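Taken in sequence, the protein lines are chains R and P.
One rule links them: number in my numbering = place in the first sequence (from 1) + 319.
One rule links them: number in my numbering = place in the second sequence (from 1) + 1.
Incorrect hints may have been included.
To be verified - Which chain R residues face chain P? A few, computed with CB under 8 Å, are given here:
1) I350
2) G352
3) L403
4) L407
5) N419
6) A434
7) K447
8) S451
Honestly, the hints are just simulated from the structure, not real lab data.
Remember, it's a predicted structure, so these values are computed and weren't measured experimentally.
Don't be surprised by glycine CBs; every beta carbon is placed ideally from N, CA and C.
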Amino acid sequence: MSEKEGLSVIVKVVTRWIVGFVLLFGLYIVIFGHLTPGGGFPGGVIIAGTFVLLTLAFGKDTPLRKLNSTLASELDSTGAIIFLGIALLGLYFGSFFAENFLTKLPSSYFKLFSAGVIPWANLAIGLKVGASIFMVFIILSVTRVVGLPNGEKKMTRKPTGRRK
Amino acid sequence: MEFNVLLVFMIIGALIAAETRDLLSAVISVGAVGFIVSLAFLFLKAPDIAITQVVVEVLTLVVLVRATLRNDITTVKGMRGKIGLSFSLAVIVLITLAAYPFFRELPHFGVPLLSQGKSISGFFLKEGLRRTGAANVTTSILLDFRMYDTIGEATILFASLLGALAILRRPSHKKRGARDKEERIK
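Construct the complete structure from the given sequences, taking the supplied hints into account.
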């Protein structure tokens, strides 16, 4: 990674230390969404937040190397399709759309594998929200509109490097 | 009591955000209001919503500061005209007067609208674990009883992303090459 882009070296070192823990916390929020407060949406936003942190600290090239925008858009669509597929499977195996068709035995209460399709739906939502919010951030922070002298507006990429 | 203090801080922050001239101060005041909202959710015993509020607030603040604030527009000049101000005040007073009879009909703050036991919220609390197996009642409502609504929300996010991509997509390869040439010449 280039040393010129992004913020100072202190921020870079701290980010390198912390980013894995933040990602892990986001995954925890997603996976344990049916047992503790949380769920797919906040967990997905936390996962997107790690990439936003990387973007702020290292400039936009480092996170885009790990998760480029094509892959992010594919993950977004995959999450949406999995979520819809779970709902449709409820129609196929159960009796109505979006039915919780897996077995819910009382012995599985308060365990990780419980609550039927809810954890899987949480995972799908987390995937979808994480990828799409990261993409929204990238789109908003990489492009910008500049006014040309003759009054027209034009879309360009923002200049990289540090702001004055 | 503590809740009223939070409400007062929220109103102060919103007023500062609306009235200040500096765009950065306005964005930061909006962020402060959002964090106080998340504290209020914690006071009202809704940790799910509080987590979501904090996380979304942080991300929104970062996006606002990083993506919308530039050196181009930082201050907003000019005052609202006196005629417009008095007109909007008059409209607010009129609407308040017209709605006053309905304000008295509203339930008191913090009192559950649907009483427990008989209504649907009591049903969720009682039967949520047995029918869905999820220990978190909020998730059991979101992803089991009301999964259709959640699919709608996901669709909204998907559609908004499509719209953002359509409006703000990257320039094509040809244009990018041309601009690189321009930058090299500079």
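Checked hints:
1. I350: 12 Å, violated
2. G352: It holds, given that the least Cβ distance between R:G352 and chain P is near 5 Å, below 8 Å.
3. L403: Given a least distance of 7 Å, the restraint on R:L403 holds.
4. L407: With a closest approach of 10 Å, the R:L407 hint is violated.
5. N419: Holds, because the Cβ-Cβ distance from R:N419 to chain P comes to roughly 5 Å (cut-off 8 Å).
6. A434: Check passed: Cβ of R:A434 comes within 4 Å of chain P, closer than 8 Å.
7. K447: 6 Å, holds
8. S451: Constraint on R:S451 satisfied, holds at 5 Å.
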